[in-house]
Each structure stands twice: as C-alpha cells, then as structure tokens.
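> Go by the hints and put chain B onto chain A.
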Amino acid sequence: MQYENWVLESPVLGMIFVGASFIIFYAIGWYSQRATKSSTDYWTAGRSIGSITNGLGMASSYMSLATFMGVTALILNLKVPFVYMWIQFTLSIPLITLWYGTPLRRMGAFTPAHFVRERYGRRTSYITVVFMILIMVMYALGQMIGVAKVFEMLFGFNYMVALICGGALIVGYVTIGGMYGTTYNAAFQMILMGVAFIIPLGAIMKAMGGTGWYFPPLLYSDMVPDMLKAVPDFFDMKYGFKWYLALIPCFTIGAMGLPHLGMRVYTASNLKTARGAMVWFTFFCGIVFCSTYTMGFSGVFYQATSGSGIAPTDFDKITLILNSVYNPAWVLAFVIAGAIAAGLSTISANLMAIGAMIAQDIIATIKPDLSDKTMKTIGYCAIAGGGAASILIAIDPPTFLVVSILWAFGLAGVTVAPLVILGVWWKPANRYGASIACLVSGLAYIIVSPYIAPNIVIGGGLEAKVGMTGSLFCVPLTFLLHTVISMITERMPGLMAKIPHEQDKRLVDKIHGWADYSDQRYNNTNAGIIIAVVSALICIYAILPGGWA
Amino acid sequence: MNSAYKKEIRYTLIFSALLLICGHFGLLFVALPGLQNKMVFGFPSQYIIPIIFGWVVLMVVVALQAKLTNDLDDEIEALGDSSESSK
Numbered sequence: 006m007q008y009e010n011w012v013l014e015s016p017v018l019g020m021i022f023v024g025a026s027f028i029i030f031y032a033i034g035w036y037s038q039r040a041t042k043s044s045t046d047y048w049t050a051g052r053s054i055g056s057i058t059n060g061l062g063m064a065s066s067y068m069s070l071a072t073f074m075g076v077t078a079l080i081l082n083l084k085v086p087f088v089y090m091w092i093q094f095t096l097s098i099p100l101i102t103l104w105y106g107t108p109l110r111r112m113g114a115f116t117p118a119h120f121v122r123e124r125y126g127r128r129t130s131y132i133t134v135v136f137m138i139l140i141m142v143m144y145a146l147g148q149m150i151g152v153a154k155v156f157e158m159l160f161g162f163n164y165m166v167a168l169i170c171g172g173a174l175i176v177g178y179v180t181i182g183g184m185y186g187t188t189y190n191a192a193f194q195m196i197l198m199g200v201a202f203i204i205p206l207g208a209i210m211k212a213m214g215g216t217g218w219y220f221p222p223l224l225y226s227d228m229v230p231d232m233l234k235a236v237p238d239f240f241d242m243k244y245g246f247k248w249y250l251a252l253i254p255c256f257t258i259g260a261m262g263l264p265h266l267g268m269r270v271y272t273a274s275n276l277k278t279a280r281g282a283m284v285w286f287t288f289f290c291g292i293v294f295c296s297t298y299t300m301g302f303s304g305v306f307y308q309a310t311s312g313s314g315i316a317p318t319d320f321d322k323i324t325l326i327l328n329s330v331y332n333p334a335w336v337l338a339f340v341i342a343g344a345i346a347a348g349l350s351t352i353s354a355n356l357m358a359i360g361a362m363i364a365q366d367i368i369a370t371i372k373p374d375l376s377d378k379t380m381k382t383i384g385y386c387a388i389a390g391g392g393a394a395s396i397l398i399a400i401d402p403p404t405f406l407v408v409s410i411l412w413a414f415g416l417a418g419v420t421v422a423p424l425v426i427l428g429v430w431w432k433p434a435n436r437y438g439a440s441i442a443c444l445v446s447g448l449a450y451i452i453v454s455p456y457i458a459p460n461i462v463i464g465g466g467l468e469a470k471v472g473m474t475g476s477l478f479c480v481p482l483t484f485l486l487h488t489v490i491s492m493i494t495e496r497m498p499g500l501m502a503k504i505p506h507e508q509d510k511r512l513v514d515k516i517h518g519w520a521d522y523s524d525q526r527y528n529n530t531n532a533g534i535i536i537a538v539v540s541a542l543i544c545i546y547a548i549l550p551g552g553w554a
Numbered sequence: 010m011n012s013a014y015k016k017e018i019r020y021t022l023i024f025s026a027l028l029l030i031c032g033h034f035g036l037l038f039v040a041l042p043g044l045q046n047k048m049v050f051g052f053p054s055q056y057i058i059p060i061i062f063g064w065v066v067l068m069v070v071v072a073l074q075a076k077l078t079n080d081l082d083d084e085i086e087a088l089g090d091s092s093e094s095s096k
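In order, the protein sequences belong to chains A and B.
The numbering of the first sequence is the working numbering, which starts it at 6 and goes up by one.
The numbering of the second sequence is the working numbering, which starts it at 10 and goes up by one.
Everything labelled a hint here was simulated from the structure, so no lab data went into it.
Just so you know, these numbers come straight off a predicted model, no measurement behind them.
Every residue, glycine too, gets a C-beta built ideally from N, C-alpha and C.
Be a bit skeptical, because a hint or two may be false.
To be verified - Ranges of calculated distance between the beta carbons of each label pair, as one might list FRET restraints: (1) PHE50(B) x ILE29(A): 36 to 46 Å; (2) GLY245(A) x LEU29(B): 11 to 21 Å; (3) ALA393(A) x PRO42(B): 31 to 41 Å; (4) GLN45(B) x ILE535(A): 29 to 39 Å; (5) ILE57(A) x GLY51(B): 28 to 38 Å; (6) LEU41(B) x ASP401(A): 42 to 52 Å; (7) GLY51(B) x ASP238(A): 17 to 27 Å; (8) TYR522(A) x GLY51(B): 25 to 35 Å; (9) ALA40(B) x ILE548(A): 14 to 24 Å; (10) VAL49(B) x PRO317(A): 26 to 36 Å.
Bound conformation, chain A alone (with noise of 0.2 Å):
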C-alpha cells in the first residue's frame, strides 16, 4: 500500500502559539523566582507548594510528549495491552506518597539520592546517582530529540538549528525559574495540555459520529461496534500472565524510584498537602490518561475506516493529524502547542533532578562547607550544564541512550526505589546489602537487555527492548541481594564495626515521625526472610522460558 507522509499545512499559526507560550514560561519562571532566598527555596520551592498545584506539577512532570505523539504509535501497534500497560502509571505518585514520599519530606530531603546517602552512606549515593543521572539523560534526552523535531517540523529548520533554539528556549526558563518557576509552569502547562488535547479530541469525536462527545474520557461506547466490525483484534489481550506480571516490577516500582517524580513531593509545604496533591494528581492524570485511550481509539478507528491509510512513520502524529482532519487550523495550532508544553514540563522536572543531584548529591558532599550564595550559583550553573550537555548529547546521540524511555523506567526501578523502600521501611538494610545489590542488579539488568551483549538476553521482543523482561528478573534481584546480604553482614561484627549502622536506624524512626527511638520497629528479620524467598522465586519465574505470549 502507498503511503502519503503527513505534512503540516500552515505552520504560521502554530508559530505564534508556540511563541506566545514561551513567552508566558518565562514570564511565570522570572516571576516566580523572586521568591527563592536560598538554595533550599531553589531546588525545592520553599517547601511552600499548596496541594492543587502541586498535584498539577505532579501529573505534568508525567505528561510527556508522548501523549501527544508517541503513546498513539504505541496504540496502533499494541492495541487494549497499551492501556494496562499506561493505566498503572497513574500508582506512582500514591506509592511514593505511602511508601517514602512523606517519611523523605519530613527528612528535608532535596532528592531521593539525598536520603540513600543519610540512609548508606556516601559511597552508595554515588552508584545512585550515577544512575539517576543516566536515568534523567535518557528522559530528557527523548523529551529533546521530540521538542526539536516538532520545532522542525513547525519552523522549517533543519534538526540542528531546532534542536540548539529550542533546547536553550527550555533550558533558559528551567535555570531562571528554580523549582518555584519550574512547578508553577509546570501547574500552568498541565492546564494548558489537558485542554488542548481532551477539548479538540470531543470535537474530533463529534465529526466522527460520537454521541458521547461532551466528555471524551469515558463516553465512546457507541462507536464500539463500529470498531470491532473494522480492528476485531482491537480488544484481545494478546500477551500471557507473565507479560502483565513483569508490569508491576518494570513500571509501578520503576516509577517509585524515578527522582523527579519524589522531588515534587519535597516542595509540599507539608505533608498533608503533599497527600491533597496526590489525590489531585490522581484526577489529573487519570481524565488525560482516559482521553490518550480515546485519541489512541479514534485512531485506529480512522485507520481502519476512513481509506486514507497512515504511514507507519507518521503513527506517532495520530493526534495531529486527527486534529488535521476535522479541526480548524488554529485549533491544531493550539494542540501543537500543548504538545510542546507536555515535552516541556517532563524536561524541566528531569533538569531539575539532574540539576539537584549534581549540585547537592555530589558537589555539596564533597565541599559541605560552602556558603549558600555560592550553593545557589552551583545550582544556576549545574541546571544550566545539564541542559547544555543534553543538547549536545541529543546532536548526535548514542544509540544506547535513546533505546526508551520506558526502559529507563526498569532502570530506575532496579536501582532507586528498592534502596530507598527498604531504607524506609526496614531497618537491618544496611551500606553493604544497599551498594552491592544496587551495583549488581544495575549491571544486569543492561547486561540483560537487548542493547549489550544481544546473546544473553532474557526473553526477546517488544518487552525486552521496553526492559519488561529485564525488570522482572533484576527488580526482586536488587531486594534479594540487598536483604540477604545486609542479614548475613548484620552477623559480622569485624564488617558492622566500620559503619555507623545505630545511627543508621535511629534515622528510620525519625523519618517516620517518632519522637522516641525504639529497636523493635521496623526490625523484623521475618520480613526481610520473606521479601529474600518472594523475590527468589520470582527470579526463578522471570528466567522460565514462555508466559509473555
């Protein structure tokens, strides 16, 4: 079949949109940034963040380009797979919230990265934050490459001169802002990108024949028996147990250990707000969760309809070229708009933790004694730098880095959140367990993956390259190694002797907001047995051959 590539008719009015926005990011940024007195109120907004909000931060810091462009290719291609596979993402926020959101906040935490070091030390904070980093690279660097081809596609520039203007744009607003301009933008361009997806797509549905229109979450059962006249497959679940299984490691627990997302905790200026927020954030992100099914519906509704067949490059522009078809230009200027605003809001969050770790996760540590005027310039300039070197990472980017951000979300979730879920929550977890299961896990779970070593990887498809496979396998490794070598170093006095592993669990209660100290809580080796057999047997289950189809 002879495919046409989807081209935008009039950019003009997508210019200005875009244009106009830009100039409403930096107007908030330099507004808000007047209220930043410290580093403290730099990275973390003053700590003054009422739950509305932040609850719009939250679910904007998770609003990425790809609802807008490339969740729509993955719903051509996976089908009813895709919304279980999205639909989960709605956990993170309330997970971290109940599993060490709160007890973080009330440590003062900048980072997640801040906590493991208080937690296990300075030498396992490195190894969680080279990988945070990594982590935040492969984020931004999605969110860039995709800024930049639309600015391309927009302003006709070639991909260089896009990437290098619009990336200075983005990274300009971040620096100036701090978190104060960061999350306030990031409150505005959630408003701004719910609007202009879920209201156009009614009037996409309208045209289409929907009577359900007036609320395109949830109210498009009328065209279902079209559908499965023309996709009959459209509803099958089409993957095995094992394949819904390794979502829980993959990206419920990836997404507790991603640092941007717990740094918008931090800026709750307490931690019943911080729970307000995560019920808004619930709200938020589920009405524009919903409408990405609806667009992702209607899509394959008009692909397998209408005769005019899209080409297999242009599935990631559904939304564009739905709102092409029947919606006046300007409307599809203020969809693009709201596209680059979603890219947008993930870039900033993701400079913001790189920037964070950078300045208070290394820099501070190293040089603990530096005054707080000169703090807030290290902030500027390592927001700053890690703009630049996303910028220029994205000029020509190694092929390991933009495999997926859905792979990065393994990552996270191999290195990040079992550290600090157990820190948290498990007192006999200790520096030894913490680093080596961290360091282990990390290399396997690359190792694993299709990207290295082709010959030893588990599994093999869509949920490899995704880290699916790999998280299923290094996500209970991580809690495996760390239980069961923090319970034997435990009985090693020689090895106990070299770490303050008393003031280590006298900081579990505090966080968790007791007055007193008291060995029996959060001390029970029964758990860590448990957790140790659980995760044994799911590795087990994880290497099995079958279960993904």
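Relative to chain A, chain B alone:
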C-alpha cells in the same frame, strides 16, 4: 509496640494491595479469561473495568489513603507530644 505503629504497617500493606489491584486489573482478566468480553457500559469488560478502576476507583482509594494516613500522623505526633510532656 504501640497501636499506631501496627496501624502504620497495616495501612501501608492494605493500601499498597488496593493500589496494585486498581492499577493492574489486566492480571485478573488474563488469569480468568472467562471474565473477558462481557459488555459493561457498552465496552468489553477487559477494557472498561481496568479504566474505571485505574481512575475513578483509584481516586476513592487515594482519598481514603490521604484521610487515614493524615489521621495516623496526628496520632504519632500526639504520642510524641505526650512522651515529651511526661519527661
């Protein structure tokens, strides 16, 4: 060990289970294929039930989680205050 500590552990485990159920309904449908293809609100069950659980039901669970864990924080704080004043 006091009841607030036991409550903290219980809430964490129960809400983790509830959150995982809300976000991973696919496991139920793939484990019990007989539940698939029943029409609910005009959609196949394996499509719409996970969507509703992943958004609407999840919001209810999260709101309850926020309420109960906020109350628990107050309880732990009160315990700390009473132990301070008894010193």
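> Does each hint fit the structure? Answer for all of them.
Hints, one by one, checked against the model:
1. PHE50(B) x ILE29(A): 36 to 46 Å: Taking Cβ atoms as reference, PHE50(B) and ILE29(A) lie about 39 Å apart, which means the hint holds.
2. GLY245(A) x LEU29(B): 11 to 21 Å: holds (19 Å)
3. ALA393(A) x PRO42(B): 31 to 41 Å: violated (52 Å)
4. GLN45(B) x ILE535(A): 29 to 39 Å: Given range 29 to 39 Å: holds, Cβ gap about 33 Å.
5. ILE57(A) x GLY51(B): 28 to 38 Å: holds (33 Å)
6. LEU41(B) x ASP401(A): 42 to 52 Å: 49 Å Cβ-Cβ, so the 42 to 52 Å window holds.
7. GLY51(B) x ASP238(A): 17 to 27 Å: holds (19 Å)
8. TYR522(A) x GLY51(B): 25 to 35 Å: Since TYR522(A) and GLY51(B) have Cβ atoms about 57 Å apart, the given range 25 to 35 Å is violated.
9. ALA40(B) x ILE548(A): 14 to 24 Å: holds (21 Å)
10. VAL49(B) x PRO317(A): 26 to 36 Å: The hint (26 to 36 Å, Cβ to Cβ) holds, given that VAL49(B) and PRO317(A) are roughly 33 Å apart.
Hint check: violations occur at hints 3, 8; the rest are consistent with the structure.
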